[in-house]
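Visitor: Just so you know, the protein sequences line up as chains A and B, in that order.
For the record, in the first sequence the residue sitting at position 308 is 308 according to this note's numbering, with numbers rising by one throughout.
For any residue, its number in this note's numbering is found by taking its place in the second sequence, counting from 1, and adding 1000.
Among the hints, a few may not be true.
Stated by the list, open to error - With a straight-line cut-off of 16 Å between C-alpha atoms, the simulated EDC-like cross-links for lysine to aspartate or glutamate are:
id	chain 1	residue 1	chain 2	residue 2
1	B	Lys1151	B	Asp1184
2	A	Lys57	B	Asp1051
3	A	Lys57	B	Glu1074
4	B	Lys1055	A	Glu59
Claimed, not checked - Only some residues are given here: those of chain A computed to face chain B with a beta carbon under 7 Å:
id	residue
5	Gln190
6	Ser191
7	Leu204
8	Lys354
9	Lys452
10	Tyr455
11	Arg456
In case anyone wonders, no lab produced these hints; they're calculated from the structure.
Just so you know, even glycine gets a beta-carbon here, dropped at the ideal spot from N, CA and C.
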Amino acid sequence: MELSLFDAAARGFLNILHLKVFLAMMIGVSIGTFTAVAPQGLGMPLVYAIALPIVIKWEPITGIALLIGASSVSAICAAYLPILFGIPGGSGSQATVLDGYPMGKRGEGRRALGASFMAGGMGSLIGTLTLVLAIPVTRPLIYLMGSPELFVVMLWGLSMVAVLAGRRPIKGLIAAAFGLLLATIGQQAQSGIMRFVFDQPYLLDGISISIIALALFGIPSALDLALTKLGVEQQPVPLKGSLFDGVKDTLREWWLVVRCSFVGVWVGIVPGLGSQVVDWLAYGHAAQTSKNPANFGKGDVRGVIAPESANDAKDGGDLITTLLMGFPQGVVTALFIVALLAWGYLPGPEMLKKNPEVIFSVVWIQGISGIIGTLVGFVLAAQLAKLAEVRYTFMVPLMFIFILMGAFSVNRDPIDLLVVITFGILGYFMRRFGYPRPAMILGLVLGDLMEKYLYRSVASYGFSWLGRPAVIVLFILAAASLVLTVRGRLKGREDSPTSLGGAMARTADES
Amino acid sequence: MTRGYSFSVFALLVFLFYPIISLEPVFSQTDFYQGKTVTVVASTAPGGTGDLRVKALVPFLRKHIPGSPTVVIEYMEGGGGRKAANYLFRTARPDGLTVGAMSSGVLGLQIMRESGVMYDIDKFIYLGAPETVGHQIIYTRKDLGLSNLEKLRTKPGIRIGAQSVGHVSYVAGRFFAYFLDLKDPKFIAGYSAPEVDAALLRGELDARANLATSALRRNPDWFEKGLMDFHAIMEIPKGAKHPRLSHLPEIESFAKTDREKKLITMWRIFRLVGYPYVMPPGTPKERVDVLQEAMRKALKDPDFHREFQKLVGDEVEPVMPEELAKVIRDVPRDAEVIDLLKNLSGSAPLPPR
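Just need the whole structure built from these sequences, with the hints factored in.
Guide: What follows is the structure, encoded as structure tokens:
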């Protein structure tokens, strides 16, 4: 029996009213904060990869609380490095450095951070509210979705390779094809045929995606960190000024926050735009609509407010595509889908129909952790700045311990350790030679689903499914999104970084 | 005198320690489980009905094991239950702290000599099973107008949906198609359980076989409003009439030969073992005794019956340890019947009758 949306929202909230869920969210918030502030190139893909093997053994809502708590807050706290150290933050906070660092240098570091937290909090709220509004709008459409339509949606998702491959489309295609190939290992559900199993029970169900993700993102990061000994070498600017000046600035610029938040939501929803474009688009929008654009780049607080609000709102848009359509917008959402699949949820129309309360739990966790993240930023501003000085000698062993423990915890199978090391080495060389790992994960995640939907479509309808109206519409949308993405990249080489094309051209792969 | 004194001291010691010595096995096992963690390795994924079956039992297992150890569930889905069974048989330490909650397919996989089976069902130690009744039914969409068996038989190319090749509902669908003599049926696997129902409603599929209890629980309106045509039932165990579907013809009434009857008997036994709880071979007998006794108490506990009904929606129909071991020992292993079962469990075209 299907729940009404009101009941689903209420149940979604009740689901999170458990101490363990709250604790998991707080752990996630702590991890996300540390990841955002630590300068060693840690990112959410690494956090998700390490956390996945652990959390998929938990109850779903508890695991979701940790993952969403981490990603939600990491965006809010991503402004530390740009403002205090002049280092571009993680994806989505790179534009902040243009005005954040000059503000820090002239003794307005606290003001910039205050503006960033407030804008981030408001952006996160707007993104979450948009996600809530999208649920009733999308729900009637899912009844039109049969296997043929779902196959095209997955195909559309696979076109994300164009985004994840950055400027290396051929290598992206190779990586995605390898991911698709890996997805064929194991017993095929539709025919019962064993593929690439070689009589090995370990391969009966294929190789765990969470182990491959852990290997591909964990080991290369740890190796890189150990080999490059990366860390913050320069001293931070002194933390001066008042956080509340930044809050007042943000409230005064509320209309800019709203506009940029919707830029963020749009980037999140529209397939084809990568996470790295969001801050540049918002920054460009703020500069272009300003009466005195000459101030941008010289420490204008609007240059902090715009990218930060957009960056945080984008998470809501990302989740609209991930939860309601079922395909990822980037590697973090791809890994989130891996977790949902492991818990038995099939993101997309199926989940919206059968588990709307879980979607609402995600919404609640996203909203609450956004608020907590903002408060953490305000209260612990000075202390968090010190986290940025953590040395790689502390991080590297810790990362290896988590990676190996995480891999072993999936099945307690020693073979998993061999697999994680093998794929870790593969990931290191993929990174070194510019083969985008997110594209491979995308192929791996979508391969199984695409095969299933295609088989079901052909088995039930022959080839007449190609003529179904919804299939045709979805094909057109997928093709348009692919063309726009590719055109944006080609055009972007000549454009300024704050235009759409320029921003997309900046999108290096997350390899 | 000295000898008498020594004897007195010895007698006194025996008197003082006799209760402890005589109760040693009980105390030692109580001590053994106290503060320990028993891991239930479940061959199911978290979140589904299979998981709920395990979750319903776990608190009562803890309650009835002396020493009330912590009982945790470790999910090890995969290979149709092979992964967990292989782990239990080959890797898990037989120390009394690991229990397997197996899938019902584990038995059939070995009997049918499927690949990837690295366990021996005759060597597992059986603790019992909470649920043995599992009537299977087949139904079609109402709008197809297949209101009786004759119409069903004459309709060519009926699309029967199921989870995966070898899955219980897939094999049941092929059993019904075979015994009801359906004309060129198509078996379409690759759905999750709720997806099959949705595909049926959308018209992507025409029919499915399912557990009667699951169909009633998930879609009561299909029965109440007559949204589906129900055609036949496979009673498990044989002769156990379903309270609402006893009017449906039983599958064995369509069997034409002894071989076919034996096939249905074999399949019924596979289903009858339900979702067995096992321990690794080599587990010390005194720990097996403790867990078997705890399982007996748990399976009889009225609170467990209520919890199981609440979570799973089914009645508890337990099989106790000895009975379960006997059923498995007595499974017929007739090669000719196994070959036919293998055919019906796979994706090859149905054999002629």
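Visitor: Which hint numbers does the structure go against, in order from smallest to largest?
Guide: Hint check: nothing fails, all pass.
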